[in-house]
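*Asks:* Residues per chain, in single letters:
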Amino acid sequence: MSASAVHGLWTTVAAPAAEGGFTAPHIEYAQLSPTLIVVGAAVLGVLAEAFVPRKARYYAQLFLSVVALAAAFAAVVALAAGGYGTTKAQIAAEGAIAVDGPALFLQGTILLASLVAVFTFAERRLDPDAHGNRVDSFAAQAASVPGSDSEKAAVKAGFTTTEVFPLALFAIAGMLVFPAANDLLTLFVALEVFSLPLYLLCAVARRKRLMSQEAAVKYFLLGSFSSAFLLFGIALMYGYAGSVSYARIASVVDGTVRQIDPALAATMGNDALLLIGAAMILMGLLFKVGAVPFHMWTPDVYQGAPTPVTGFMAAATKVAAFGALLRLLYVVLPGLRWDWRPVMWGIAIVTMLGGAIVAITQTDIKRLLAYSSIAHAGFILAGVIATTGEGVSAVLFYLLGYSFTTIGAFAVVTLVRDAGGEATHLSKWAGLGRRSPLVAAVFAVFLLAFAGIPLTSGFTGKFAVFKAAAEGGAGTLVVVGVVSSAIAAFFYIRVIVLMFFSEPKADGPTVAVPSPLTMVAIGTGVAVTLVLGLAPQYFLDLADQAGVFVR
Amino acid sequence: MSFPLLTVTAALPAVGAVLTAAVPAARRTAAKWLALLFSLATLVLAALVAVRFDPAGDRYQLTESHAWIPDFGVRYELGVDGIGVALIALTALLIPFVILAGWNDAEPLETKSSRWRPTQGFFALILMVEAMVIISFEATDVFLFYIFFEAMLIPMYFLIGGFGDRAHAGTDGAAAAQRSYAAVKFLLYNLAGGLIMLAAVIGLYVVAGSFSLAEIAEARASGELEMAASTERLLFLGFFFAFAVKAPLWPLHTWLPNAMGEATAPVAVLITAVVDKVGTFAMLRFCLQLFPNASEWATPAILVLALISIIYGALVAVGQRDIKRLIAYASISHFGFIILGIFVMTSQGQSGATLYMVNHGISTAALMLVAGFLISRRGSRLIADYGGVQKVAPVLAGTFLIGGLATLSMPGLAPFVSEFLVLVGAFAAYPVAGVIATLGIVLAALYTLVLYQRTMTGPVKAEVRAMPDLKARELVVVAPLIALLLLLGVFPKPLTDIVNPAVQHTMNDVRKTDPTPEIEAEAAK
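Residue numbers (this note's numbering), protein chains in the order written: chain A, 1 to 551; chain B, 552 to 1076.
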């Protein structure tokens, strides 16, 4: 070193500083491998967009995504098998990421759900060929104005938006970090990483492009608001606790903090900072969860986004957001339990009832499923409020069942088509059971699972969260929960009535025969729905073992 | 490990349902025979259960117990007592008749595409209901019971909404709309009841830490499990609400006339004779056994509701213009008797109530199925559209009369025995209730005989002049049912022998002894 320093314009001290100098951060690559694999694949996907010939891009991207997601899932399984979910749970990456049971369980769920969702992204047999090219659910060229010459040219040239695959991978990477984030900044970065690609994905529908773009703008604007709230909350929380680390904030909140410097002593008595900060962070997360009163974006976005994206969003985003919410409430704010529980009670009640009641008046199947997802967010919140280990396991289990049912249900929606693309208006679904008994029966299974009828995953999950809530002393929530389940049952049943007991209309939609990709997505949905309904014990055990957070 | 007879009895119809549903569209007749075969095989198994059951033995016999969802404390626990045996036998007995009676009820209309297979669906759904009903009679785990109690709504719902009377099939949009309304009403009422019960099921688990009837009973007996009176009452109400919707008890009964009116006659039989029995059965098994104190607390109110059901059902039946709705209201009146018998808390009353469940199943099946044959001939459910049928179709009229007489509890026919027992039990404990309930019998005579008079006697109406009499298939359905009514009317002993020990157990649960007759009490002094 000294030899080179002689020729330079500057010199260094002879020995590297023993203390106070720079030490390289210690990154546990193995423990972070699921996320790293997905991010790596996403970067490769961007490169593939640039360098792979247009004809081969679709196959390259699909291959890359599937392999990356499968590999990442294998990494999660390996970590869990290695005990990182239980005995070896730890904080990795200098305190930024937690590797523990809930994180691994949710990452596994997100990866599997995403894998199935990517299959629906790749479906190219539903729409008739355009100019001899197979088309998927995404616009030929997202940048061209709807109805313009440039769009027509893009369609004629057979362009397809293969960018959706790397975008989805980036979103998935963010979702993997979100429930594992162990400091508030990582939480915020993960939120942005998964939100921005989703805003874009919402905007690229092939049919009904204006609606799709409107949905994206709404999602983006409201999402930005919620991000701003979250960030403001983080700032206040930092002001209160003098740190963004979950463990540090938690110890300040519950008063077990050891080292109190003068600055901390001055702020930690300021409850206003803490309460407003915590409320704003919660608002940011509840927005992503889709809880009333932060749900306004859900119906518009679910309706406008390309249906495969809607399914992906409804499943994976919800899993990630509930994971982050659980960690925040259970790790950071348990000391504030008596303050947040009443508020969350109120939110859970209005979410359950609001989602169920408003859904009754819906006439569009995608909007109906959107409101149903709001009601389900309420049910899951009931489990979150339990603040017990059982509550965590119940929520994990619920999310597992719910995500596959949801992706399956939206995959069925993509099959029912007429000349204008998907026939999402409910009146068009009349008599579907007569024309395509199998498709209607599969959709009925999903609806019954949403309604929580026994022998489906929906019932087991609902029972698990309600049991956890009742044991956690929230009996009232359980009663409200069953009442809103009864209300919700009404509109699920209404769709079944429509499909099976109404006469088919003469100009009704046709049911497209999908490729094996969508069949796999739907088949997985049905299989998971039934298995979790009939023999849930293995998965309940898994969720039980995964029920402890590391701090 | 012994042969899991109860599991097989319940699983066989389910297997039959899957196989029937898988029969190709063109082989409709094969599907029917397959379904009939499976229902008969189930009947054989049910008979085996009855034979293997020892009335003098343990309370629950032929028990099976396996871990299912340990995380929720749920076990796959089956076992039957005498009441369960009687009702399983009733179910297994009625299903072959339901299938035979509905033989031609679900033919596909020609306009439909070949992939729509209503016939296979119809029979598969009936078998599915049978499987679920049987397993709910067998379950001794509250959670297991609840699952099938709820799940059976789905096949029932499709049976009601998907298959209407042949008379109106497909062509009439209004009929389809009414049918769909009836199906939705059925489902929403029962689902609401079930969900309220779900809250109580969860509450029970939180309080007792177990779903097993045996474990909970043991914990109560040993004093380990203390339930606060208010908790017990709330849980009782949660359970009872669901059963009262199912049974149905006034004022939760309004779904039944719609459902029975719009469904085909075999499905109507399935509702009232089979599925609804789960409600009254569950009152005996779960309400009384799990919440004895609360049951006693609620008795006065429930007796009043039961009496209202008896009188109100009968009065409304008198005023009906629609044959099927009339039978539905008659059933509401009869369910009032059953619930009265259960909650007067005497052994005669409860034995009578159990017999009543069986006899009401058989007699309603006979009456309703013959009514169904009648309606399918004329294509109308209105009483006013008939007249003088007995001159044209004497066998049909005769069987209809016997079914009607059974419904009004004519001595010599089976329902008389049970109604008499219920009334005796009621008089012993609550004489006033007994007096009011007896009024129900008078009204029953009125609505049945007026129904017979208006439809079967008098001048022959032009539209019924060419009405054919019962065909061979229809006779095969009706004759055994009538024979059973007669047999159980004069010789109910085999049934009472099985039922009585079980009733005694239930009486012990609620710590009740029969009131001593006054004369004997005098003599004892």
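There could be a bad hint or two in this list.
[Said to hold, decoys possible] Residues of chain B clear of chain A, computed beta-carbon distances all greater than 10 Å: (1) P606; (2) Q612; (3) A618; (4) A734; (5) I747; (6) L749; (7) A849; (8) L933; (9) F978; (10) M1018.
[Stated by the list, open to error] Pulled a few chain B residues facing chain A out of the computed Cβ check, cut under 7 Å: (11) I620; (12) D622; (13) I698; (14) E701; (15) A702; (16) G712; (17) S731; (18) L738; (19) L742; (20) A743; (21) L746; (22) I753; (23) L776.
Calculated from the structure, these hints are not laboratory results.
All of these numbers come straight from a predicted model, not from anything done at the bench.
Glycine included, C-beta positions come from ideal geometry on N, C-alpha and C.
*Asks:* Take the hints in turn and mark each one as holding or not.
*Replies:* Against the structure, the hints come out as follows:
no. : hint  : verdict
1   : P606  : holds, 33 Å
2   : Q612  : holds, 26 Å
3   : A618  : violated, 8 Å
4   : A734  : violated, 7 Å
5   : I747  : violated, 6 Å
6   : L749  : violated, 5 Å
7   : A849  : holds, 19 Å
8   : L933  : holds, 24 Å
9   : F978  : holds, 40 Å
10  : M1018 : holds, 31 Å
11  : I620  : holds, 5 Å
12  : D622  : holds, 4 Å
13  : I698  : holds, 4 Å
14  : E701  : holds, 5 Å
15  : A702  : holds, 5 Å
16  : G712  : holds, 5 Å
17  : S731  : holds, 4 Å
18  : L738  : holds, 6 Å
19  : L742  : holds, 5 Å
20  : A743  : holds, 5 Å
21  : L746  : holds, 4 Å
22  : I753  : holds, 5 Å
23  : L776  : violated, 16 Å
Against the hints set out earlier in the document, violations occur for numbers 3, 4, 5, 6, 23.
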